[in-house]
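J.: Please take these sequences and the hints and turn them into a complete structure.
Chains as they are written, first to last, in numbering that gives the first Met the number 0: chain A, 0 to 311; chain B, 0 to 246; chain C, 0 to 389.
It should be emphasised that the hints constitute simulated quantities derived from the structure, not laboratory data.
It should be emphasised that the depicted structure is a prediction, and the values quoted were computed from it without experimental measurement.
All residues carry an ideal CB built from backbone N, CA and C; glycine is no exception.
Pairwise CB distance ranges (calculated):
id : chain 1 : residue 1 : chain 2 : residue 2 : range
1  : C       : Asp161    : B       : Pro38     : 48 to 58 Å
2  : B       : Gly55     : C       : Ala105    : 38 to 48 Å
3  : A       : His133    : C       : Ala214    : 21 to 31 Å
4  : A       : His133    : C       : Arg71     : 38 to 48 Å
5  : C       : Leu135    : A       : Gly163    : 37 to 47 Å
6  : C       : Gly294    : B       : Val145    : 38 to 48 Å
7  : C       : Leu15     : A       : Asp114    : 48 to 58 Å
8  : C       : Arg71     : B       : Ala66     : 23 to 33 Å
9  : C       : Ala214    : B       : Thr138    : 29 to 39 Å
10 : C       : Val147    : B       : Ala17     : 46 to 56 Å
11 : C       : Ile19     : B       : Gly111    : 18 to 28 Å
12 : A       : Asp18     : C       : Ser72     : 36 to 46 Å
13 : B       : Thr138    : C       : Asp161    : 46 to 56 Å
14 : A       : Asp123    : C       : Leu135    : 57 to 67 Å
Just some of the chain B residues that point at chain A, by a computed CB distance under 7 Å:
id : residue
15 : Pro165
16 : Leu166
17 : Trp241
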Amino acid sequence: MIELEHVSKRYGETEVVSDVTLTVPPRSIAAIVGTSGSGKTTLLRMINRLVEPSAGTIKLDGVDHRSVPPHELRRRIGYVIQGHGLFPHRTVAQNIATVPALLGWPRAKTKARVDELLTLFQLDPAEFAARYPHELSGGQQQRVGVARALAAGPNLLLMDEPFGALDPIIRAKAQADLLSLQARLGTTIILVTHDIEEAVLLGHRIAVMDAGRVLQYAPPSEILARPATPFVEALVGTGERPFKLLSLKPVAEAVEQGIVEGEPIAASATQRDALAALLWSGRPALPVQSAEGVIIGKVTVAGLSKRAARPE
Amino acid sequence: MRALPTLARLAALALLAAFLMRPDWFEPVFRPLTENGAPAIYNQGSLLGLTLAHLGLVALATAGATALAVALAILVTRPFGAEFLPLSRALVNIGQTFPPVAVLALAVPAVGFGATPTLIALFLYGLLPIFENTLTGLTTLSPAVVEAAKGTGMTATQRLARVELPLAAPVILAGIRLSVVIGLATATIGSTVAAKTVGEVIIAGLLSNNLAFVLQGGLIVAVLAVLIYDGFTALGRVAGRWSGGTS
Amino acid sequence: MATPDRPRPSFDKLGLVIGIVAAAAAGAPFATFRANRIVPGEGRAIWEALPAGWATALLLVVAGAALVAMLRSPAPARLAAALAALATLALLIGTAAHHLTPPDNAYARVAPASGFWLLGFAFALLAADALTRLQLSATARIAALAAVAAAIWLLLALGAWDGLSLLKEYANRADRFWAEGARHLALALGSLAAAIVAGIPLGILCHRVSGLRDAVLNLLNMIQTIPSIALFGLLIAPLGWIAANLPGASVIGIRGIGAAPAALALFLYSLLPMVANTVVGLAQVPAAANDAARGMGMTARQRLTRIELPLALPVILAGIRIVLVQNIGLATIAALIGGGGFGVFVFQGLGQTAMDLVLLGAVPTVALAFAAAILLDAAVELTAAPGSRV
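T.: So, in structure tokens, the structure goes:
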């Protein structure tokens, strides 16, 4: 549990973060979204004290984060930045072992942990452990960056535009991997992004920031359905909104009784993908198939339209 | 095709060693350069001794210069010394316009003749390239890497020792390399202020119009400079192996 | 709850260093008195070296300037304080010479001592710091250089320093000084000119023919690592052979010993910075600019003269700066092989243990190198300015 209470940051006369109060529940992902200069990165960096707050308190699991020295605090919090920031002069294994080394873990424990993480991130330890960062692809570097942040098993992971340097196809894969990883490890993640799509896709809750203030902090469906201010509405993009709403839910939740002809749609696909398939096929309805390959019903244009409409 | 240059270097080293140990073997080579039966091989002292003294002087001065220059560069890149950074850059720029000979000559009035003024001149002139390169190395680190080092919870000292200095090492080594090569040359001139260096051989040749002396003194220093330069280049390559050899 | 802005410390760190150095230097010997030009000297502190009034004035100026340095004062005030202190030092060292030299004694020598040099160093440091903070434009820096040169010329013309040992050495060999100075400049500038004429075309060639580039640069790099005195010495042999065997060579001044090997060595050293900087300058011309020029129908020659060379000019000028400063320093060595230049005084002085003579050679060399660096740095900035204003 992360609690920010009336947190502000001033540089001279300018206030870059103004009186932010928000709580991130354990084992969830909070996405902070905003334009550049909105104060989102400063807010993130105050959590691990790379920036010291001018006012307010930040509590991690109920304890004020100023009760330990900054460097000890940071060893307990994973941190991933855009462009990964891998140490170019250290091998992949040494990079991942950074925090364990700082914590003085025994060699065998560190090695086992490095191998475990490499395997988790689909990088063969035998092949990748001894490589230098420049010998990896962009997607591999990004994964090593996340592995390094997770090395000492932190409860909290801070990510600043972690996928910013990746091309769209690799980014989609990295985002999906992060979601399944978080579901598996239960790590609390606070993620900063300028991309509302990414925030909607990854965040259990989204904080929209502008000019240092949090304008709205709510689950994605709420942000899309009931934007609190014109700025949030503009950020969400009125034209795209129905499709974003549909993209939040799987087809499984929109299944209706009945049997129809056509190419079946997977129950795990998003409702947005289902609508696209319906429109493309020209049919009013298509069958829905479960993960086991059983047809469990149909999904209809009319049904999805209703779900995409502004909630009352 | 790395083998050929390596062989050439080994051959040069072997030849140099042979010449320093047994200069008389090479007498026929230098004989044609002498006139009126003048000696073809330097006979006023041991070539090996002079070469070792020369190297010792350069090594001592460079070691001192490295210690001080790196410490100063670290100081002005920390928050405490940041105030001195612009000035120190300007001073390095100005300092490098001082010719090595002038530094040597100006040291004599302060400390007299012998090895000391040479040592001082080598030390002072050696400071500049090392300081400048260390400064470059420490101020051009990727901000993402520095940020990541902070984010992983390294203390300021750990960041310096584990990330900043290792990353700057190839650039620092290039600075030391430049210092050593300049030092080898300046040490030669040191014999004009009575320091024991290979310059003695060259000066003796110039004074007695004996080209054989000039050539052998010149060759010793030149081969030393090229070999040491290569050695530092190789060392820099090892220190920078993580970059994929692009630097 | 806001943390209040920390109050700025009222002392300047560099100023404290300057203050400590100045305090130590004020008690150190200000001038050295020697009965003749080669015996060891005796130090004289400020109050011994100067009439009481002047000594007090100097101490006051030094204390005042040090105070300005120690407080966090604005840069123009710091510069003014530094210049005032330096000017006072410059004037009063001449006064000290007159004061210490017994009347009608042509042998006695007075020279600046450690205290003077330390004070000069401390306030030069302050001036340098103030100038760095002021971030003068290129033209302002040239103007400042001219002003300092004019001030020194004025002091010399008025004879303010005539009592100093350095000027006595000069007076004894004024003709020789200017002749060697001319030779020094001829060596440095002549080899620079030759390096420009040969180096820029070679650089263009290396830029165009990539196979040639590595070979040429490696060879020039190798030459650069050969110590100067060795290269000077090594060139004596081939030039001596040419002089002896090529009819007419010795008539036009080619000899094994003398200016010819010195000029040739300086030329060889100059080639690397010229070629390397030309290659780098041309390589960094944006490909888009070149493409656009080609698209507009420029020939290769037109592109070179209208696009590539103008854009590469700042880097090429930076190469010329390196060469000129380096040549002014290296030309000193020419004296060892009979090539003349200010090195003559340096090495003669070292031979006679006459330190004033050493300074007579070293000081103008340093001054020339320094002035050349400032002028060419400004030139680099001026040529780079239009392109960098995007």
